Each structure stands twice: as structure tokens, then as C-alpha cells.
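Chemist: Following the hints, complete the assembly by docking chain U onto the known chain W.
Which chain is which? The protein sequence lines are W and U, in order.
Sequential numbering from 1 applies to the first sequence in our numbering.
Sequential numbering from 388 applies to the second sequence in our numbering.
Derived from the structure by calculation, the hints contain no laboratory data.
All figures in this text were calculated on a predicted structure; none of them were measured in a lab.
Yeah, the Cβ is synthetic: ideal placement off N, Cα and C, and Gly gets one too.
There may be inaccurate statements among the hints.
What the hints assert, rightly or not - Partial list, derived from the structure: chain W residues whose beta carbon lies under 7 Å from chain U:
1) 59
2) 72
3) 197
4) 243
5) 373
Protein chains: 2
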Amino acid sequence: MRDVCVLSAASTKYGKSDLSARELALEAAKQAILSAGIDPTEIQAGFVSNAFSLSEKQGHLGPIIMSGLGIPDVPASTIESACSSGGSAIREAWVNIGAGLYDCMLVVGVEKVSQLDTITATTYFSFGSDYIFEGACGASFPGLYAAIARAHMRRYGTKEEQLAQVAVKNHENALHNPHAHFHKKITIEDVMRSPVVASPLKLYDACPFSDGAAAAILCSEEFAKKITGRTSEHVFIRGSGRAGGTGALHQRPDLTSLNASVLAGREAFSRAQITQKEIDFLEVHDCFTIAEIIAAEDLGFFPRGEASKAEEEGRTRIDGDVPINPSGGLKAKGHPVGATGVGQLVEVFEQLNHKAEGRQVKDARVALTHNVGATGGSCAVHIFEFR
Amino acid sequence: MRDVCVLSAASTKYGKSDLSARELALEAAKQAILSAGIDPTEIQAGFVSNAFSLSEKQGHLGPIIMSGLGIPDVPASTIESACSSGGSAIREAWVNIGAGLYDCMLVVGVEKVSQLDTITATTYFSFGSDYIFEGACGASFPGLYAAIARAHMRRYGTKEEQLAQVAVKNHENALHNPHAHFHKKITIEDVMRSPVVASPLKLYDACPFSDGAAAAILCSEEFAKKITGRTSEHVFIRGSGRAGGTGALHQRPDLTSLNASVLAGREAFSRAQITQKEIDFLEVHDCFTIAEIIAAEDLGFFPRGEASKAEEEGRTRIDGDVPINPSGGLKAKGHPVGATGVGQLVEVFEQLNHKAEGRQVKDARVALTHNVGATGGSCAVHIFEFR
Numbered sequence: 001m002r003d004v005c006v007l008s009a010a011s012t013k014y015g016k017s018d019l020s021a022r023e024l025a026l027e028a029a030k031q032a033i034l035s036a037g038i039d040p041t042e043i044q045a046g047f048v049s050n051a052f053s054l055s056e057k058q059g060h061l062g063p064i065i066m067s068g069l070g071i072p073d074v075p076a077s078t079i080e081s082a083c084s085s086g087g088s089a090i091r092e093a094w095v096n097i098g099a100g101l102y103d104c105m106l107v108v109g110v111e112k113v114s115q116l117d118t119i120t121a122t123t124y125f126s127f128g129s130d131y132i133f134e135g136a137c138g139a140s141f142p143g144l145y146a147a148i149a150r151a152h153m154r155r156y157g158t159k160e161e162q163l164a165q166v167a168v169k170n171h172e173n174a175l176h177n178p179h180a181h182f183h184k185k186i187t188i189e190d191v192m193r194s195p196v197v198a199s200p201l202k203l204y205d206a207c208p209f210s211d212g213a214a215a216a217i218l219c220s221e222e223f224a225k226k227i228t229g230r231t232s233e234h235v236f237i238r239g240s241g242r243a244g245g246t247g248a249l250h251q252r253p254d255l256t257s258l259n260a261s262v263l264a265g266r267e268a269f270s271r272a273q274i275t276q277k278e279i280d281f282l283e284v285h286d287c288f289t290i291a292e293i294i295a296a297e298d299l300g301f302f303p304r305g306e307a308s309k310a311e312e313e314g315r316t317r318i319d320g321d322v323p324i325n326p327s328g329g330l331k332a333k334g335h336p337v338g339a340t341g342v343g344q345l346v347e348v349f350e351q352l353n354h355k356a357e358g359r360q361v362k363d364a365r366v367a368l369t370h371n372v373g374a375t376g377g378s379c380a381v382h383i384f385e386f387r
Numbered sequence: 388m389r390d391v392c393v394l395s396a397a398s399t400k401y402g403k404s405d406l407s408a409r410e411l412a413l414e415a416a417k418q419a420i421l422s423a424g425i426d427p428t429e430i431q432a433g434f435v436s437n438a439f440s441l442s443e444k445q446g447h448l449g450p451i452i453m454s455g456l457g458i459p460d461v462p463a464s465t466i467e468s469a470c471s472s473g474g475s476a477i478r479e480a481w482v483n484i485g486a487g488l489y490d491c492m493l494v495v496g497v498e499k500v501s502q503l504d505t506i507t508a509t510t511y512f513s514f515g516s517d518y519i520f521e522g523a524c525g526a527s528f529p530g531l532y533a534a535i536a537r538a539h540m541r542r543y544g545t546k547e548e549q550l551a552q553v554a555v556k557n558h559e560n561a562l563h564n565p566h567a568h569f570h571k572k573i574t575i576e577d578v579m580r581s582p583v584v585a586s587p588l589k590l591y592d593a594c595p596f597s598d599g600a601a602a603a604i605l606c607s608e609e610f611a612k613k614i615t616g617r618t619s620e621h622v623f624i625r626g627s628g629r630a631g632g633t634g635a636l637h638q639r640p641d642l643t644s645l646n647a648s649v650l651a652g653r654e655a656f657s658r659a660q661i662t663q664k665e666i667d668f669l670e671v672h673d674c675f676t677i678a679e680i681i682a683a684e685d686l687g688f689f690p691r692g693e694a695s696k697a698e699e700e701g702r703t704r705i706d707g708d709v710p711i712n713p714s715g716g717l718k719a720k721g722h723p724v725g726a727t728g729v730g731q732l733v734e735v736f737e738q739l740n741h742k743a744e745g746r747q748v749k750d751a752r753v754a755l756t757h758n759v760g761a762t763g764g765s766c767a768v769h770i771f772e773f774r
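Isolated chain W, as found in the complex (with noise of 0.2 Å):
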């Protein structure tokens, strides 16, 4: 496999938004595009992450968004893996490149779902879980990860204010990044006191709905050199994981962790011959905020039960020695579920071009993104370098 580069990312705000999913969609990839300095013509094929477009009516999304940017010609399938879609299509786009089989390729993540309200939202999420045996019986996200929080705090001795201690970290992140759904401070006072959605997880402990899209372009070394002129100074992959995990939580001997998690970031961190060490600063899955937690925990960065220390020490800070989700995290950068995954490396791109302004994590060369469908049924891992 030779190696992929990432030629531009480029993402929406985040948010509620009066687009539809095509055309946020559109958006996204019409500046990943412009960014990238090439003409749309020079994309061989493309991958769309979706999770749920057939609730705004319109499946088979790829020839839809290849007619739209002028290319119909393009082959582009949709990927779906409920949340972990868009690290998914990351995943396949590098085989794809990486086997020479295409040299230029375009993924673009995209989620409306603002159109239902509340509680149809919540059924519709709940459709990435084992459905039969949970969403079916009232088990959605939020009951199942607080499941998950009552499991660590229990083994580890985790406390609520830890955890809300994630949000008003990433709260504070998002402040910075103009792409985030949230621009609110909040403190650890607004996260105990916010209501109760699955105990112990309160609203503050959630991500939201978002609407949202994000694009990317990736590419093969030579064809960089060709549009750029230099092989050098680009964010390349420098490491893929993808594994999976059951569909539901009873199938599972140990709620404190994610199999798919460690899997996969074992993978990642195997392909790119690297250590936690090197890597300057992670975005996480912190659809709640044990998510983050027990994240830093499977992929290796803390030792089990140490990572809500960590948190509240401020290590996992922007100018911490392990920063995660200077973004926003999905807590407050948002959550367009097709769209999060390629929102991440949104995020590295920015980064590693070190052009992410007001939360610019210093000196950053090396990252890693985490990317979960539902309670860990998937997991895509991958690690970017600036070189």
C-alpha cells in the first residue's frame, strides 16, 4: 500500500440548519474542493457517510452529490456504520488510494436531522443499536452509556463532576472553533445541575443533534506533488484501525470498555509503528462524556481508571500534556452523525496546519481520531502526520 495524503477538509458550522442533507453536503465539498486547488473533474470517485438521509426522504446519496458538484460520471457508494460512518469511509478511501487504484478521491460526511423533533431523533439514533433487544425495549443512547458511566464509576470510582468536567473542557474548546454547534462556557455547577437525562448522565453529559457536513480530499503522494508541487508538508495517514464490537450491551462480559476501541486503536498504532507518546493530541468519540473517558482509557493513553484524574488535573487540556477534542468534541462542536468522523479530521487538518486559531495545540505533527458507532458496535482509528 502506498501512502495517502490529505489534501484539504473542509467543514459546515454545525448545528441546526435549514439546508438539506445534498446540500450541506454540496457545501462541505464544494470548499474542500476549492481548497484543495483542484478542479472537480480531477476526482476519480468518492465515498459518502450517512446514517440517516432515508428520514429526509433520499438514499443513494453518492450520484446525487456527484451531479451536483458537475461529476456524475464519479462512482460514489454511501458507508454506513451509525456514528463511526464517516471514520469508515476515511478507512476505505485510504485502501482505495492506497491500492493505487485511484489517485484522488473525495469523502464527504453529511447528517440532517433536524427536520424531526426529539423524541423521533432519539428513535431514529437508537436504530444504530441492536434495536430488538434495546431501542425496541426504551433503551436508547442515553440509558445505554449511562449503563457504561454506573460501570466505570462503580469499577474506578468515577465521579459525576469528573465527568462534567469533559463538557465544560470541551465547552471551552469550542469557544475557538467556528465549525462548533456550541459557543457557550458552561461550568461544572451547569453540567450538575442540568436535568437528568439517564442518571447519572445529565443534558450537559449528552452531545447534541446536529445537523452538519464535513469533506475531505485525499489523495495518492504523487498526485499532492502534481497539484501542489511538493511531496512534503502535508497531513498524511499515517495509520488505520477498524474493528467492531456487539450490537448490544448484554452481549458484553465488561461495560468499562470498548472492544471495538482497543481493536482498533491497536491496529492504528500497529500500521503507523508509533507509540501514545508521540501523538500530540487526540478527537475522541465523547458522544457522552464517559465516552471520552473510557476512550483515553482503550486507546491507551491512561491506565484504566486514571483518566477522569486526568481530566480533572487539566492534562487533557489544549495546553495539557494530552489534549483531547480541542475541536469541541462532539459535546460541543456537535454531532452530525455521517458527518463526525470526517469532522475530525477536519479538525487534524487544521491542526496540523496549525491554523486552528484560538485553540491551536502547539507544535502539533502527529494525531489520532476516534470514531464509535453506537456503544462501540463499531470503531474506526486513524493516525495523521504533518510532514
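Modeler: What follows is chain U alone, placed relative to chain W:
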């Protein structure tokens, strides 16, 4: 890219089923695993092809199916390209194995729609069109393919009786296919007298809504040798092509051809380095009778406007010089959307192993599959060879 071979391929019966998508997928997958002679734990990754599982309130099928097989750690994304989802999934498995990322993969296509009434099912299918321009305006697929048929009739003098001949042949072929939805011999008169759905297309010009699943184990030559003790006498993927087309019909200069089929066919032939003459039979995407005629022309098996005559003359029958759809095709074997492309491979696998009892194409060694999304927004073509 290294060579990729098909270790096994299996299918449920197509038709109306009481099983859920998960159960159908597991039935086909287990059969494929058994027939491949492997242990499930030898599967390293998978792709699920599906379009409408949300209608059953279940997304994220990968972990559901892999958990059901007892291998939850194995990553599996869903690939959706409307009716070409199955062909697209085979394509991506070919890339992943060809690139050396995995040695053994499961591809499983599935669809379950019989829980929907006919109107709702038609509406769901229309989500595969460019919905705001077509489905929402009442132009569902019968109407769109009727426009295509009209254009072909006007330009080439194609007759309704010639379209009917496609249905008659495919129903006859399906008589001998145990997987087929229909086991019913029909005559030209039956077709001509069947209720008009969208003139000139009648009920018997259209494929049915089917439930069903199909699965295949794809692997590297080395893996096949490890399992079977031999590197030859397998079905190999000799060529693969993928292309897109405009989402909506109004964006096209010509309705008598699907450009996605032309381009995907060209890529597959170019990769296979063979010509049409060397193909022993075709499984093409005959969602409507007109679609088979246009496919045969788009893929270069007959000059423009001459496929209908070839159908009339019996040249496309199992004993003709260009056998098309010995399985019975979508028309009579059935069309469980996400399964269809994988099901075409099941027919190829049985034919090339000379196990298509009652419908065997004599001395079949090389075959082509052609899988279209919607009215040609996407297309996947594969060429398989027994060697």
C-alpha cells in the same frame, strides 16, 4: 493488486419471508461459511449491502450480523448504492483483499421489505431516485423506466412484445432456480394482458419486491490454497468496474442508454483484458424488461437497438450464443435490493462450478455481472473466471 477469489456463495430463497433482515442475512452468511469450509473466526472483515433496513428500525447491520455469527470483533460497514449496493460491496471487498489488507472477507447483502405495504414499499424504493425531482413528484421507478422504454422504442423501434420476451425467458429460467421468487411459466400473451403499471410497462415487465439475502466468502489465492489445498479450480474476480450517472433523468442528454453501465463495463473489460466474445453468460440488472435490453447494448454485447431482436430470436436464452440471466434475473429470481448484486455472484458461482442444475450454461467458464442503482445513478460490473 493481487488476485481475489470466491471461496463460496450462498443465498436464501427470494420471496416473501417472515424472517427479519438480520435473520435472512445470518442464514445466507452461515451457509456461505459452511460451504467455504472455513471457521467463522477466519473471517477478518466484512461488508453488508443493504438499502432499506431503517424501514425495519435497524441500522448498523455490520455488528448485528457479525455478533450473530459469533465474531463481534470483526469490522463490517454497510455499503449502500440503492439497487447496486451488492455489486458495490463486492467491489470494496475486492479492493481490500486485492490490496493485501485482509485475506478472507464476508460480503452479505440483504433486504427485507415485505412488512411494508405496496405503496410504502414503492415510496421507499423511490428514495433511491433523485427524490425532490422525481419521487416527490410521483415519478417512482416504473414511471421512470417507462420513460426510458418509450425513448428506446421511439429511437430503435423496440416493440412491447420484445420487452415481453425478456420476461418470458427469465420466468422460464427461474423455473429451475431453487432460490427464485417466482416459479411460474408465462407467455407473451400473459405479459401483454397484465395490468399496465406505467405505459408501456405492464406488471409482468417489472421485477417484484422480494425479501432475501445472499452471501459470499472472498479471499486471496493463498488463503484459498490454505483451505482447499489448491490454487486453481476457483472462481476468480477477473475484472471490476464502478461508475456513476446523474441522480435524475432530466439531467441526461439521452435516455436510451445508462452511461454508468457503459463506463463500469468499460472499466471491468479493461481490467479483465478480455472481450465480450469470451463471456459465456451475463447476469444483468433487469429491474424492468427494458433494462435488460439496454444493459446488453450498454455492455457492448449487441449494437445499439439490436438487443431486442436478439431477445426475440432466442439468442439470450440459456442455449443461445449470449445467455442473459440464466438465474431468472431480477424479473423472476426476484430483487431483494441490497442482496441483488451478491445474488448475481451466487448464480455465477453455481454456474461456473457447473452446479446450476436445469439451467446450466454449457461449458460456462467466464461470466459477467451488472448491477445498477436506481435508473443508473450507479453501476457495478464484475467479470468472473473459473480457472
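Chemist: Hint by hint, where does the structure go against what was stated? Just the numbers, ascending.
Modeler: 3
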